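As they're listed, the protein sequences go chains A and Z.
Counting in this note's numbering, the first sequence runs from 1 upward without gaps.
Counting in this note's numbering, the second sequence runs from 1001 upward without gaps.
Worth flagging that the hints you see were computed from the coordinates, not collected in a lab.
Where hints are given, some of them may not hold.
[Stated by the list, open to error] Using C-beta positions, here's what the derived DEER-type ranges look like: (1) A:E66 - Z:T1007: 44 to 54 Å; (2) Z:R1063 - A:G15: 16 to 26 Å; (3) A:T79 - Z:S1039: 47 to 57 Å; (4) A:L80 - Z:Y1010: 19 to 29 Å.
Just so it is clear, the structure is predicted and the values come from calculations on it, not from any experiment.
Beta carbons are placed, not taken as given, at the ideal position from N, Cα and C, and that holds for glycine.
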Amino acid sequence: DAKTTQPPSMDCAEGRAANLPCNHSTISGNEYVYWYRQIHSQGPQYIIHGLKNNETNEMASLIITEDRKSSTLILPHATLRDTAVYYCIVRVGGGSQGNLIFGKGTKLSVKP
Amino acid sequence: DTAVSQTPKYLVTQMGNDKSIKCEQNLGHDTMYWYKQDSKKFLKIMFSYNNKELIINETVPNRFSPKSPDKAHLNLHINSLELGDSAVYFCASSPGQGLGALHFGNGTRLTVT
Chain A
1 DAKTTQPPSM DCAEGRAANL PCNHSTISGN EYVYWYRQIH SQGPQYIIHG
51 LKNNETNEMA SLIITEDRKS STLILPHATL RDTAVYYCIV RVGGGSQGNL
101 IFGKGTKLSV KP
Chain Z
1001 DTAVSQTPKY LVTQMGNDKS IKCEQNLGHD TMYWYKQDSK KFLKIMFSYN
1051 NKELIINETV PNRFSPKSPD KAHLNLHINS LELGDSAVYF CASSPGQGLG
1101 ALHFGNGTRL TVT
């Protein structure tokens, strides 16, 4: 599976958009980009995933560059409850998604 | 209702003991997993079961033995506990292999003294 690179930490003001970048320059054509987050003392929570096109759901938007070598997770109006570690993972679709490899992620701190 | 529930939440035990962690999911998912999160916060898969059959068995000591009595349950039994087994263990489930999002439980913090 392709490796991902994320900044170790970011700050965001409450109510503002949080843009979390992820580099995956070695991504293959059949690999999806997944985002999960882990709030302190809880299990990881699925946020969104995509292959080529930008995706949006009730939690966030995922913007994937045309060359697919990087992506950005956007939380449009960050709240204090969005403070968490955010993981960007690339994985072949159709295989066992359970074999996700979680890196160190980005620790997002939303401040009042 | 909790979708993926683990018990106990905390487990403190001495070296050499045998202990079990239970996991149940009420989502109707076919696939269940055990992950281990160590002190450095890296999250690594240990086992995956699909419809009660073992699918993934990463390099985990034989002291760890998963048991799936039915597709809604995946328990983890650990023999002869060692200090290095101290970690947070997460159970997860998904609709099927490679399908849908993983739903995680809130973890079991195991401390071996």
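Verification of the hints:
At roughly 47 Å, the beta carbons of E66 (chain A) and T1007 (chain Z) sit within the given window of 44 to 54 Å. In this structure the supplied range 16 to 26 Å is violated for R1063 (chain Z) paired with G15 (chain A), their Cβ-Cβ distance being about 49 Å. For the hinted restraint 47 to 57 Å between T79 (chain A) and S1039 (chain Z), the CB-CB distance of approximately 29 Å leaves it violated. Under the hint 19 to 29 Å, the C-beta atoms of L80 (chain A) and Y1010 (chain Z), about 26 Å apart, fit the expected range.
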